[in-house]
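S.K.: Protein chains in written order, with this note's numbering: chain R, 1 to 113; chain Z, 1 to 117.
Everything labelled a hint here was simulated from the structure, so no lab data went into it.
Predicted model only: the values in this text are computed from it and were never measured.
There may be inaccurate statements among the hints.
[What the hints assert, rightly or not] Calculated pairs, SDA-like style, for lysine to any residue (alpha carbon to alpha carbon, straight line, at most 25 Å): (1) R:Lys13 with Z:Gly43; (2) R:Lys55 with R:Asp106; (3) R:Lys96 with Z:Asp26; (4) R:Lys57 with Z:Lys3.
[What the hints assert, rightly or not] Pairwise CB distance ranges, derived in the manner of DEER restraints: (5) Z:Ala81 with R:Lys18: 43 to 53 Å; (6) Z:Gln56 with R:Leu113: 16 to 26 Å; (7) R:Ser111 with Z:Ala71: 25 to 35 Å; (8) R:Arg14 with Z:Gly85: 35 to 45 Å; (9) Z:Gln69 with R:Arg44: 37 to 47 Å; (10) R:Gln97 with Z:Gln57: 14 to 24 Å.
Idealized CB from N, CA, C, for every residue including glycine.
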Amino acid sequence: DVKVTQSSRYLVKRTGEKVFLECVQDMDHENMFWYRQDPGLGLRLIYFSYDVKMKEKGDIPEGYSVSREKKERFSLILESASTNQTSMYLCASSLKQYNQPQHFGDGTRLSIL
Amino acid sequence: AQKITQTQPGMFVQEKEAVTLDCTYDTSDPSYGLFWYKQPSSGEMIFLIYQGSYDQQNATEGRYSLNFQKARKSANLVISASQLGDSAMYFCAMREGYTGGGNKLTFGTGTQLKVEL
Chain R
1 DVKVTQSSRY LVKRTGEKVF LECVQDMDHE NMFWYRQDPG LGLRLIYFSY
51 DVKMKEKGDI PEGYSVSREK KERFSLILES ASTNQTSMYL CASSLKQYNQ
101 PQHFGDGTRL SIL
Chain Z
1 AQKITQTQPG MFVQEKEAVT LDCTYDTSDP SYGLFWYKQP SSGEMIFLIY
51 QGSYDQQNAT EGRYSLNFQK ARKSANLVIS ASQLGDSAMY FCAMREGYTG
101 GGNKLTFGTG TQLKVEL
């Protein structure tokens, strides 16, 4: 079974802090994704990566950056956290074939105070 | 315009009955794929079923089937013989085209399904 592991289930940080959310997958997937999920808005794509050191902006990249130094690890960085970044963050990975589903981690519920 | 529209924010169904969750999509790309995911209250996203735009037959996976009507741009999920464990949020998502990298998805806002005794 594919395993996508997010480093924290719950996280509380203060405004202005630099926040790192880590995601590791164990199935040698080429693609990795970061989403945020808010009630009534579904999942919105922040950034994705289709190869090591490659990254592409999603629909809502403002205020975020990412890093993919190794194939199995994809990090989401909030450079200076703000209260409107309080949300559920979901990481996913997939094989590169177009018909392959994304596999998700359990999510990190991030609160910015 | 919304690329994926799920018009039912919440639905109820009785145990053992069938239920249809609606999904309409908007794309001008002839090559696309449609995915359905289930999210129980515990939060994990579970992949259910996939339909490609060129697939000749409607996709089926156990109790899940996809009623794919290409001309109407709809891809409704049908759950047969509902069980209490089917109570969850259900998301429809679309991949447009094939760029060779990324295969990003656009998600709808979801439908909350509650199965009752």
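S.K.: Indicate, hint by hint, whether the structure satisfies it.
M.R.: Hints, one by one, checked against the model:
no., hint, verdict
1, R:Lys13 with Z:Gly43, "21 Å, holds"
2, R:Lys55 with R:Asp106, "22 Å, holds"
3, R:Lys96 with Z:Asp26, "23 Å, holds"
4, R:Lys57 with Z:Lys3, "18 Å, holds"
5, Z:Ala81 with R:Lys18: 43 to 53 Å, "50 Å, holds"
6, Z:Gln56 with R:Leu113: 16 to 26 Å, "54 Å, violated"
7, R:Ser111 with Z:Ala71: 25 to 35 Å, "46 Å, violated"
8, R:Arg14 with Z:Gly85: 35 to 45 Å, "39 Å, holds"
9, Z:Gln69 with R:Arg44: 37 to 47 Å, "27 Å, violated"
10, R:Gln97 with Z:Gln57: 14 to 24 Å, "20 Å, holds"
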